[in-house]
Amino acid sequence: MAKYFDVIIVGAGPAGSLAALRLARAGLNAVMVERGSHPGAKNMFGGLLHHTPVLNELIPDFPERAPLERHVYKKTLAFLTPEAAVSLAFESEDFENPPHNGYTVFRPVFDKWLAGEAVKEGALLLTECAADDLIKKDGRVVGVTVKGREGELRGNIVIAADGVLSFLAEKAGLRKEFKASDMGVGIKLLLGLPEAAINERFHLVRDEGADISFVGATGGMRGGGFLYTNRESVSVGLVVHLDSLRAAGKAPYDVLNGFLAHPLLKKLLKGAEPLEYSAHLIPEGGFKAMPRVYTDGLMVAGDAAGLVYTNGINLEGINLAMTSGVLAAETAIKALEAGDYSARTLALYRKKLDESFVIRDMKTFKNAAGMMHSERLYESYPKILAGVFEKMYRVDGKPRSKLLRLARREALKEMGLKGIVADGIKIGRALL
Amino acid sequence: MNIENLTHLTQFQVDDQAHIIVNKEVCRTCDHRACVLACPANCYTWDEATGLLSVVYENCLECGTCYVLCDKGAVDWTYPRGGYGVRFRLT
Chain A
249 MAKYFDVIIV GAGPAGSLAA LRLARAGLNA VMVERGSHPG AKNMFGGLLH HTPVLNELIP
309 DFPERAPLER HVYKKTLAFL TPEAAVSLAF ESEDFENPPH NGYTVFRPVF DKWLAGEAVK
369 EGALLLTECA ADDLIKKDGR VVGVTVKGRE GELRGNIVIA ADGVLSFLAE KAGLRKEFKA
429 SDMGVGIKLL LGLPEAAINE RFHLVRDEGA DISFVGATGG MRGGGFLYTN RESVSVGLVV
489 HLDSLRAAGK APYDVLNGFL AHPLLKKLLK GAEPLEYSAH LIPEGGFKAM PRVYTDGLMV
549 AGDAAGLVYT NGINLEGINL AMTSGVLAAE TAIKALEAGD YSARTLALYR KKLDESFVIR
609 DMKTFKNAAG MMHSERLYES YPKILAGVFE KMYRVDGKPR SKLLRLARRE ALKEMGLKGI
669 VADGIKIGRA LL
Chain B
-12 MNIENLTHLT QFQVDDQAHI IVNKEVCRTC DHRACVLACP ANCYTWDEAT GLLSVVYENC
48 LECGTCYVLC DKGAVDWTYP RGGYGVRFRL T
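Protein chains in written order, with the working numbering: chain A, 249 to 680; chain B, -12 to 78.
Warning: the hint list may mix true and false statements.
Stated by the list, open to error - Partner residues are not named here, just some residues of chain A that face chain B (Cβ under 7 Å, in silico):
1) 289
2) 343
3) 493
4) 524
Everything labelled a hint here was simulated from the structure, so no lab data went into it. Keep in mind the model is a prediction, meaning the values are calculated, not measured. Where is the CB? At the ideal position from N, CA and C, for every residue including glycine.
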């Protein structure tokens, strides 16, 4: 085994594996260093693999070969109050046609498959190896030390795709200390449910899947709930901002239990069998919280580079991760051709990111992270919506109000005129 | 979801070396001990009588919540050695 590599990739997640695949296909000597017993053993997410053009380009037949659960056909946004739910569902026959907009997957299964694709192309995979530190020479990163199977690996370039906490980016001096307000924690319960029951309860056929986002599911904390249907299981969970969780002084699993006890969830999940529980941090600070993504001999990709954005409607990360991995690989290919691994050459990576949808979307929604810190979004708005609908539908022999008047009254009751104006400005800046 | 059942739901390859070490002296005087309630795996316990914070690293989901929430520098948190720690099957 060569102990010296063209590129060392830390982390065989989506960013790392796709980087390795791209490098191996270019005939380069790439190694993935993975701390899990297999790729994916340490990885969790809500459940949705978004359509990612670079994945389709590199593995055109991936939809036939990858271990996918269901393609997402139906998107629902649901506002919850303790006793009510207001849901807005979007389903379109267009979502039936490939390329599909997204697939539910199991990360321990999908990540293992993706790393395997890189190995097939000639990349090397080392599992049970936790990269512990960077090896530097003359100020440049030239390798990593490994804990688990003690030793070190040296190479021309290191790509840190080591996840949200990226100790390597920290050791390279690329990021500042994390702020609790820039982080979300996702917790998830996987629940087994027969395929027929899922299809019936969520109105799905064949391999169609449902994706439901919930506002008002987090016990007043800033965050949201999610539900994704897999073939024979359902992924349900919450994401909450860490500072909000600290302030609330609640245990996340208790809040999850409260969510699961909501009448809507109880009906959807009746009889479901808990299969697995998992949790992970999510970098939710958006564009403004990103670390520097390169230095001499090192590039940072995926969650490690803070490449996640959320605007309340979209929550994307895995597609940004894979794209960044490929862009880092393409930069490495250029640097290796030139024999120059300095920050000046690797700056091309940042340029490529800037030109891609990755940074463009992060920038477009750079104010959304601030909007998402408006507490009212999570409690007042569901209440207002439920209040309007309740009064709209309730038949009780009392005279009715016109719709706008009803909405105004509910909104004023819940948040006052000042609140409405302040949120209008925040939401407008973030989304419109 | 009964957190007491965590180890029945989620698999762990437990290392004999702890990957989380807390500074009990610092924790004793901590004004929030946010780790205790915020940890999604209920790894932290505060004993009011003895004034001691204890951690069960064996059940750690490696999410990083405590690492970010501890602003006292009292949580020495690293990844477990390669191959050890949580081992997700599906999730």
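Hints, verified against the model:
1. 289: Holds: closest Cβ of chain B sits about 5 Å from residue 289/A, inside 7 Å.
2. 343: violated (25 Å)
3. 493: Nearest chain B Cβ about 5 Å off; hint holds.
4. 524: holds (5 Å)
The earlier numbered hint that this structure contradicts is number 2, and it is the only one.
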